[in-house]
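**Q** The lines below spell out each chain.
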Amino acid sequence: MKYLLLLNNDADEARSWRALSKDETRKVREQEIPRWNSLMSWMAEQGIEATGLELENPARARVVRVRDGQTVVTDGPFAETKEILGGYFLADCKDLDQAIELAQRVPLVDTGSVEIRPLVTH
Amino acid sequence: MKVVALIYGDEAGWEALSDEEAKALDAKHRAFQESAGSKVLGGAELAPTRTATTVRIRDDQTLVSDGPFAETKEVLGGFYLLDCKDLDEATELVAELQEATTGAVEVRAAYEEES
Numbered sequence: 000m001k002y003l004l005l006l007n008n009d010a011d012e013a014r015s016w017r018a019l020s021k022d023e024t025r026k027v028r029e030q031e032i033p034r035w036n037s038l039m040s041w042m043a044e045q046g047i048e049a050t051g052l053e054l055e056n057p058a059r060a061r062v063v064r065v066r067d068g069q070t071v072v073t074d075g076p077f078a079e080t081k082e083i084l085g086g087y088f089l090a091d092c093k094d095l096d097q098a099i100e101l102a103q104r105v106p107l108v109d110t111g112s113v114e115i116r117p118l119v120t121h
Numbered sequence: 000m001k002v003v004a005l006i007y008g009d010e011a012g013w014e015a016l017s018d019e020e021a022k023a024l025d026a027k028h029r030a031f032q033e034s035a036g037s038k039v040l041g042g043a044e045l046a047p048t049r050t051a052t053t054v055r056i057r058d059d060q061t062l063v064s065d066g067p068f069a070e071t072k073e074v075l076g077g078f079y080l081l082d083c084k085d086l087d088e089a090t091e092l093v094a095e096l097q098e099a100t101t102g103a104v105e106v107r108a109a110y111e112e113e114s
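Sequences listed follow chains A and B, in order.
If you read the first sequence in numbering that gives the first Met the number 0, its first letter stands for residue 0, the second for the next number, and so on.
If you read the second sequence in numbering that gives the first Met the number 0, its first letter stands for residue 0, the second for the next number, and so on.
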């Protein structure tokens, strides 16, 4: 069963990261590496195949609408919420329980959230 | 650059589609994928938000709740992973999607580490 795991950062926290210098950003990222690594090795142990992506600064997002044949582009992100999409995993899990276990191991789950959405299979 | 196109729309509207309309929408996606060719790296259609589960950990307690984290009228229904020159190209490409005419498509570039 394939699931899309939406990795949502706390919006305030994400804003504060963007104020960091390059060196500070690197440090924050380095601190997170062990947790990401342990997530990756857990997935490998469980035989979960996954692809994932980290997204760029949401301030650079664009929202595209077409109305009456005209393309209207606004600055994003689409939803102004307390949590903001920072990346995703597309993972092939045994079942929802395994997807929840995966979600619990995502480093940002203790400040943001992980939303699990099953895919439609045709 | 890799760009994620997040497709948002009115869920009630999607669920109200007749079989014929749903098939027509699927056909449009296939046509989009064909015309975009190698620019489409992947993508997925999501099951309705009532099947969503949101996980948080606070004070070492795992909180699992049903439903999406944000209750909004327009919801994430699917996405494409695109390979584009820049966001302008991605914008042009996603304007072809039927959902852009009824809902909205958010384009977000993938993070690239600065060297």
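Hints may contain errors.
Here chain B is said to cover these stretches of chain A; the calculated rule only asks that three of the stretch's residues, wherever they fall, bring their Cβ under 8 angstroms from a Cβ of chain B [claimed, not checked]:
id: 1; segment: 33-44
id: 2; segment: 68-76
id: 3; segment: 84-95
From the structure, some residues in chain B lie toward chain A, with a derived Cβ separation under 7 angstroms [what the hints assert, rightly or not]:
id: 4; residue: L24
id: 5; residue: G36
id: 6; residue: V39
id: 7; residue: G42
id: 8; residue: A43
id: 9; residue: L45
id: 10; residue: V54
id: 11; residue: T61
id: 12; residue: D65
id: 13; residue: P67
id: 14; residue: V93
id: 15; residue: A94
id: 16; residue: Q97
id: 17; residue: E105
id: 18; residue: A109
By construction, these hints were calculated from the structure, which means they are not laboratory data.
C-beta: ideal position from N, C-alpha, C; glycine also.
**Q** Which hints from the list above does the structure break, by number from lowest to highest?
**A** 1, 4, 5, 6, 7, 12, 16
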